[in-house]
Amino acid sequence: MTKLTPVLSAHWDEADSFTIGAYKRHGGYGAVVKALEMEPDAVIQLVKDSGLRGRGGAGFPTGMKWGFIPQGDNKDHYLVVNADESEPGTCKDMPLLMANPHVLIEGIIIASYAIRAGYAFIYIRGEVTHVVRRLQAAIAEAYAAGHLGKNIQGKGYDLELVLHVGAGAYICGEETALLDSLEGFRGQPRLRPPFPAIAGLYAKPTVVNNVESISSVPSIINNGAEWFSAMGTEKSKGYTLYSLSGHVANPGQFEAPLGITLRELLELAGGIRPGHQLKFWTPGGSSTPIFTAEHLDVALDYEGVSAAGSMLGTKALQVFDETTCIVRAVLRWTEFYKHESCGKCTPCREGTWWLVQILRDLEAGIGTAADLDKLLDVVDNIMGRSFCALADGAASPIISSLKYFREEYMQHLTTGGCPFDPVASTVFATAGSR
Amino acid sequence: MAENPLVPTSGEFGLEKAAAESAMIPNEPPASFAKQLQGFWVTLRAMFKKPNTVQYPEVKAPTEARFHGRHQLNRHEDGLEKCIGCELCAWACPADAILVEGANNTEGAQFSPGERYGAVYQINYLRCIFCGLCIEACPTRALTMTNEYELADNDRGKLIFEKEDLLAPLRQGMLMPPHPMYPGSDDGSYYRGEVTGSHPSQEPTHHA
Amino acid sequence: MTPEALTEVEMITVVIDGFEVTVPKGTLIIRAAEKLGIQIPRFCDHPLLAPAGACRQCLVDVEINGRAFPKPQASCTIPVENNMIVKTQLTSPVAEKAQKGIMEFLLINHPLDCPVCDKGGECPLQNQAMSTGRGESRYEGVKRTFEKPVAISTQVLLDRERCVLCARCTRFSDQIAGDPFITLNERGALQQVGIYEKDPFESYYSGNTVQICPVGALTGASYRFRSRPFDLVSTPSACEHCASGCAIRTDVRRGKTLRRLAGEDASVNEEWNCDKGRWAFKYLSSKERIATPLLRGADGELHEASWPEALAAAATALKGKRVGVLVGGRATVEDAYAYSKFARVTLGTNDIDFRARSHSDEEASFLATAALNAKTTYFDIDKADKVVLLGFEPEDESPIVFLRIFKQVKKRALSVVTVAAFASRGSQKLKATLIPVVAGNEAAAISALEGLTEKSVVLVGERLNESAGALSAVVELLAKSNAKLGWIPRRSGERGALQSGAIANLLPGGRPVSDPAARVDVAAAWGVESLPTTAGKSTAEILAAASAKELDAVVVAGVDPLDISAEALTQLLNTYVLSFEIAHSAVTAIADVVLPVAAITEKSGSFLDWEGRPRAFTKAIEESLTRSDLRILSMLAYEMGTPINLPSVAATAREIAALGNWDGAKASFTPAKSNKSLKLAAGEAVLSSWRLLLDLGTLQAGEPNLAGTARPATANISQSRADSLGVAEGEAITVSTARGSITLPAHITAMADGSVWLARNSDGSQTIATLGIVGGEVVSVVKA
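Chains as they are written, first to last, in my numbering: chain A, 11 to 444; chain B, 221 to 428; chain C, 840 to 1623.
None of these hints come from the bench; they were simulated from the model. Predicted, not measured: the structure shown is a model, and the values here were computed from it. Using N, Cα and C, we set each Cβ at its ideal position, and we do this for glycine too. One or more hints might be untrue.
Derived list of chain C stretches under chain B, where covered just means 3 residues or more per stretch with a C-beta under 8 Å from a C-beta of chain B [to be verified]:
| hint | stretch |
| --- | --- |
| 1 | 955-962 |
| 2 | 1064-1073 |
Derived pair list, reagent style BS3-like, types lysine-lysine, alpha-carbon separation capped at 27 Å [unchecked claim]:
| hint | chain 1 | residue 1 | chain 2 | residue 2 |
| --- | --- | --- | --- | --- |
| 3 | A | K85 | C | K1225 |
| 4 | C | K1214 | C | K1505 |
| 5 | A | K85 | C | K1270 |
| 6 | C | K1249 | A | K214 |
| 7 | C | K1515 | C | K1505 |
Isolated chain A, as found in the complex (with noise of 0.2 Å):
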């Protein structure tokens, strides 16, 4: 028996599943009638009870961050979404909203009536512009249709739904600086307190949510906390999307039961593509400590990756083979991370600028065992020195990679090159090819 839990994935295969047509023949917007129904504190608490937590990577809990929110203070509140999906490996938001993005919309539409938030906005990343459109479509739709705008649907509650296209900064996904970006202000990150909660957009009351969480959000009005919390693990409650990607025979979204295992899921995606043997993945992006093959059981659910020493993050599970130069794909992450670093705080503007340089060197086979040590002196006065959580991602694929090959590293200087053919790992590779 399948171990999937298709819910917002359900209907992907139809050809017209992005239509509100497709939407509403399957339920759609039914959700939002009946939470409108409800007080806006019920629905909170109802999202609280179903134990759903963030998917965005920490995995805060939903109903509790629109808890904060501070009720009666004669303020606008508002609903940002985070669809600045922008991770290496990160891939679930994107097929959501390209085959169903009617599910987010009706969402919002609840979590905003579940805050007192007459403004909700989508903050998309901007090079997905096909997603964009369609996104664009959908919110013509949900107005066309009464979901959006003046008296939603008779129920006198008002809403207006802005989509955001940010310029393509990853540093847009960390949520204050996605703030900052939509005001127009460059995208970099700011202090807290005051968290956004209390001072988010514009100074006012701001809940932050993932595409994913609040999705999530109309098949537990429908269903019910008891229905979402019967799937998952105690801590770990629902159902979520895995993102294969990498060296699998049949990559793409598997939607499951937090707690799911690799193992399992490489069952279900028909495992390493053939002929050759897993080497290393990540449990949640590239941001996440990769795991081995000794990891293979490990529950993916937030807790059991944590107890792992890694993080669930967004769950891109990137898998990787034999044929893979560990440091050339640590020393990709990180030029992306250099790439991506807003600059505003020292360790993360100077320490991933420097880290390429030393990993480039080291791919080179230029370099002795103290540069490595060197290497991890480096990460050790980044990580956790920064201002955001960006740089501690950059220094997680370099801490667990000399954690696991530091070996292969070693091999490198022996050798003064790269032991592997980087032809070896493409898709293009013969099977079985070295």
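Given chain A, put chains B and C in place with the hints provided.
Structure of chains B and C alone, referenced to chain A:
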């Protein structure tokens, strides 16, 4: 006695102690006539040795190679001054003998590579103690010391040497600043030793 | 901080490195540590800027209620809490390593510029690299380079290679000055400070960014490569440029002022000053300075003379004659006192006036009553519920007052109302409500002001006297609302001169000349029989009398006649002129005797700022041989046989203190009526004007870098006038009187249709010299 004679233990200070120590120095006549003859012999022998006297100023004995003499402000190979007017020499000087004022190199008047040059440079040889701390402080090796030791005059004012008194003469291939930097170079090129002479285009153009 | 503020605040006790310290709630850890003498290294932290937490240099270990933060925290962003235990680099190896790591990061891309960098020797990065850095670099790559230096204005140079991106400069410009002309651009390792391509960093306060830059990334063009800190002799001083009263620091090398920095005074200028105060000091070492007395010979030319010669000549010319005294607005308290005493005792006259500018009898009465008794301070602005600006442009005329108001506008949206010709850039930054007036109609606008309480602050500029009846309306408004009054003259010496009695209707200490008891008081202190009782003349009356030969001589001290009127200089031609000056001027050119006096850096003394707060300063240049005015006046009075016995500044200050303030009956204000509105024909308007901060002022001479950031002069008109003239923004219009005309680009702004505004003394816009007026009179306005 303490093990380290520079670190006396307690009770070894004071006049009393000093008096006691000097009292211990033996002050006795020579032991015998033979010993006295020995002393005369030393004198007699010296009378027949070649004298060591130098007929200065007619004859000038060369100094040791590292003798601390008059300072010199060096030039880069194309003639630009090495001094950047940073005043580190003045800062290092324990005798307060050096005065430097920096100024801005401009496009029309480039004296040294980079942004800054020493516009005023004076060393007061009435104060200088030739300790060499200044040349140690110099970050561009602009300031070095020559072996020249004839630094006496009958006018105090003349012993304050100005920049033009201290600047090294132009050698073959050097041009008198101000003139532009070597084409295609930056100040880094000079410090890496990439400029090995002047280029015709550095010749100052005269519109007179 | 006032005692009142202290009692309001809850106190928190925190343990830092094992030592307890008790600080007010809200104090940041880094500041609490300072109290214990524990210096945590920092770059982005600045006590007057909002925390940024950007440089991460100040990381420390923090524990609250027994729970330790998992990673070191930036001590510049976290306020202390009860039960907090902080371990700095002194006790926590983690904090120590974190700080060393950050320092290493900052240095990997920092150029080895120290020998050529102006900051070298006083550089927080140098110092903290010594305390917190490694001996040798582990970095083997190539450093990041940028083009350098880039002039982001004529007075500030930017070197991006040296920048540690602490954002102090950008935060200052945004949060303190309200001029966000510099920002951080780009991202990651390429992040850099920058300006908009065509928008240079022309803020009146840009010099502060140079001062607070913790590295040599921002340097001043005028101080470039001029000296090292160990060459400089620093003297705490007071700024002579305006009545804001800034504490400054004067740095002198070999007898020459090379640099001035903002001093620290929490109750006045905090840690800031304006660019004029910082960079306008070249006049002190100008070639025009006068070193010896000058005597006009039989040939009609000035010749150098000895002091005895010059004093004898002057004494002969003044003794027993009818003499008026023009003190100027830049005298120190002590000098103004000496002029006051000299006029009353030696010359036996009340013909003395410090107002070298437009003035009126209404103003003299206002000064002797309301202004003299005003006790309003900067702290009242901090607490005000509303600030009203009358005839006063704080950014141009008292820049630190502007900063203080702006701070409250930024912090708590303080409401500001301005009665002015148009909303200047300063008013716009203050989000001030503009009550547009045609010059001359201020009184009506002031009478119509409402909603003022005893917490409101009414700031009156000296210009308000130019509108008849306006000061009377202010007095009425204050009586009605109990609001606080601040009289803010443009010049640093005016409040002190008022207090010293350098005006016809007052004796020192605010004693009314008309009050016999006051006269007896002063006469007794001065040891003279009696003081003159005849009502004295004002500046204009002195000049008119001189011209009409009703005065035999005029003593002119530091006055530019063009500040008074276009005719002032000609009026002096008919009389004997004794000039006290620091440099050659229009007055010395016609003077019969010129006595050189000490400039600000060459003497000690004090000013009273607009609050009445003493701003004492000492001699910055010890080697100077010049003498202050009071010393020369004392010699002259002795020579004339009626000594005033003021041998030194200290002695004068003691005499002033001993005399004290008047505690007898206060003078009462004599109101004046406002003029009738002027009738305007087509193509006519009423002129308004004020001086911009940076203009052709005498004390700004010789500093082209500063002048380069002066705001260009425009002729401001309303939209409907622009339409009727058929001119668009930036097109030239001509403003003229019978005397002359000024042609400038038009700037269209919200203002009364009957109004046209010009800068009073800017390049291409000198209203007194060219038009013969400052405002309130009809001019013709046509398309050029």
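Hints and how they fare:
1. 955-962: As far as the stretch 955-962 of chain C goes, the hint holds, because 3 residues have Cβ atoms under 8 Å from chain B.
2. 1064-1073: Holds: 6 residues of the stretch 1064-1073 of chain C have a Cβ under 8 Å from chain B.
3. A:K85 to C:K1225: holds (25 Å)
4. C:K1214 to C:K1505: holds (15 Å)
5. A:K85 to C:K1270: Measuring from Cα to Cα gives roughly 23 Å; hence the hint holds.
6. C:K1249 to A:K214: Measuring from Cα to Cα gives roughly 17 Å; hence the hint holds.
7. C:K1515 to C:K1505: Given pair K1515 (chain C), K1505 (chain C) is violated - Cα atoms ~31 Å apart, limit 27 Å.
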